Amino acid sequence: MGKDKPGIVAKVSEVLFKVGGSIEGSRMSLIQGEFAIIMIFHLSDESKYKFLMKEIKRVEYEMDIEVNVREISEDEYVEFGKYPEKEFILNVYGADKPGIVFNVTSILYMNDINIIDLYSDIVPSDKGKIYIMSITVDGSNIPSVDFLKNKVEKVCREMGLEISVQEAQKLEM
Amino acid sequence: MANLEIIKFPDERLKVVSSEVIKENENEATLQTLIDDLIETMYSAPGGIGISSPQVAVSKRIIIVDASHHKKTTISHGLVVLINPVIVYNDGFIVVREGCMSVPDYTGNVERSYRVVVRGLDRNFKEIEIETEGMEAVVFQHEIDHLNGILFIDRIKNPATDLFRRKKYL
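Protein chains in written order, with this note's numbering: chain A, 173 to 345; chain B, 34 to 203.
Since the hints were made in silico from the structure, they are not lab data.
Since the structure is predicted, the reported quantities are computational estimates derived from the model, not experimental observations.
Note that the Cβ used here is the ideal one computed from N, Cα and C, for glycine as well.
Among the hints, a few may not be true.
Computed cross-link-like contacts, DSSO-like style, restricted to lysine-lysine with a CA-CA straight-line distance of at most 30 Å [stated by the list, open to error]:
id, chain 1, residue 1, chain 2, residue 2
1, A, Lys220, A, Lys183
2, A, Lys342, B, Lys93
3, B, Lys104, A, Lys321
4, B, Lys41, B, Lys104
5, B, Lys190, B, Lys93
6, A, Lys177, B, Lys104
7, A, Lys323, A, Lys301
8, B, Lys190, A, Lys258
9, A, Lys342, B, Lys190
Chain B stretches covered by chain A per the calculated footprint, using a threshold of three residues with CB under 8 Å from any CB of chain A [unchecked claim]:
id, segment
10, 120-126
11, 131-139
12, 167-175
Use the sequences and the hints to build the structure in full.
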């Protein structure tokens, strides 16, 4: 991660290519000029690890970014393509105030609901700033839209936030 | 009837534009068997709500749709066989996480028209027109795409970039 500039993805993936690593999944985000990416890659030749880290150091310096490399052990590795059966989307918005993310996500945590995607933005308006957040959750522990709505409605009401809950539409053809 | 093998990407035959079915050029029995096989193949798949002929490596403009057993379906015409289908009207939009037998283990958000009118021929070459919405409309669009060599992965959208990002990005 670091200040956004052209070439970060190219430089990092060049290093992975040079050590014979193959990139599996990757997700990049860009918010207000700040860049971040997470990449899962497979390094088949373990003897290249030292060289990999040396090259990463070089790219960190050249591009003025921070790179964190963590090995995923075989038993914690999750095969790509494993999606939850059900997913729900919560859209929360209202006048900005401290604690929106904390309060909403705490309720989810207390109910053992895992977040699989989240993004939020702050949007100016005539009457101050509006906070908009969209959360996608794993629906394994959620029997219905109403169940999830009941869980989060109280805290949203207390904080003066609007909330809408929907089940992600899925269609396997 | 036979349960046919579904071809999977990167099989290049999925990227081909299928040809119109012309009654005079078809062997009636062969065509009817193909349709029956497509139906059986569709029903034996996990999703089982739609299939197109190119997915069984026959490059003809035939689709089968049955969205009746999907729990989110609002309108369903039951089992529909459509030859040379064309979308003649569309409006609205709906974003659905789609998956496809020809692209296993992958799903992605695709924006489709919410409402469509589809015209084509039934299995007896009688002209039919179907007006539908929601899930069934999505299945028609997904299957007709197959006839044009288009997969849902050609149409994937990221909802995050759609909903809130308006300004400062262009």
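Tested hints:
1. Between A/Lys220 and A/Lys183 the alpha-carbon distance is near 17 Å, which keeps this suggested pair within the 30 Å criterion.
2. Our distance criterion of 30 Å between C-alpha atoms is met by A/Lys342 and B/Lys93, whose separation comes to about 27 Å.
3. Taking the CA atoms of B/Lys104 and A/Lys321, the gap is near 20 Å; set against the 30 Å cutoff, the hint holds.
4. At roughly 26 Å between alpha-carbon atoms, B/Lys41 and B/Lys104 fall within 30 Å of each other, so this suggested pair holds.
5. Between B/Lys190 and B/Lys93 the CA atoms are separated by roughly 28 Å; this keeps the pair inside 30 Å, and the hint holds.
6. Taking the CA atoms of A/Lys177 and B/Lys104, the gap is about 46 Å. The hint is violated against a cut of 30 Å.
7. In summary, the hint linking A/Lys323 to A/Lys301 is supported, as the alpha carbons are separated by about 26 Å, within the 30 Å threshold.
8. Taking the CA atoms of B/Lys190 and A/Lys258, the gap is near 19 Å; set against the 30 Å cutoff, the hint holds.
9. Distance hint between A/Lys342 and B/Lys190 is fulfilled; the C-alpha atoms sit about 14 Å from each other, no more than 30 Å.
10. Counting residues of the segment 120-126 of chain B whose beta-carbon sits less than 8 Å from any beta-carbon of chain A gives 0, not enough to reach three: the coverage restraint is violated.
11. Under a criterion of three residues with beta carbons nearer than 8 Å to beta carbons of chain A, the stated coverage of the segment 131-139 of chain B is upheld, 7 such residues being counted.
12. Counting residues of the segment 167-175 of chain B whose C-beta sits closer than 8 Å to any C-beta of chain A gives 4, which meets the bar of three, so the coverage hint holds.
When the structure is compared with the earlier hints, violations turn up for hints 6, 10 and for no others.
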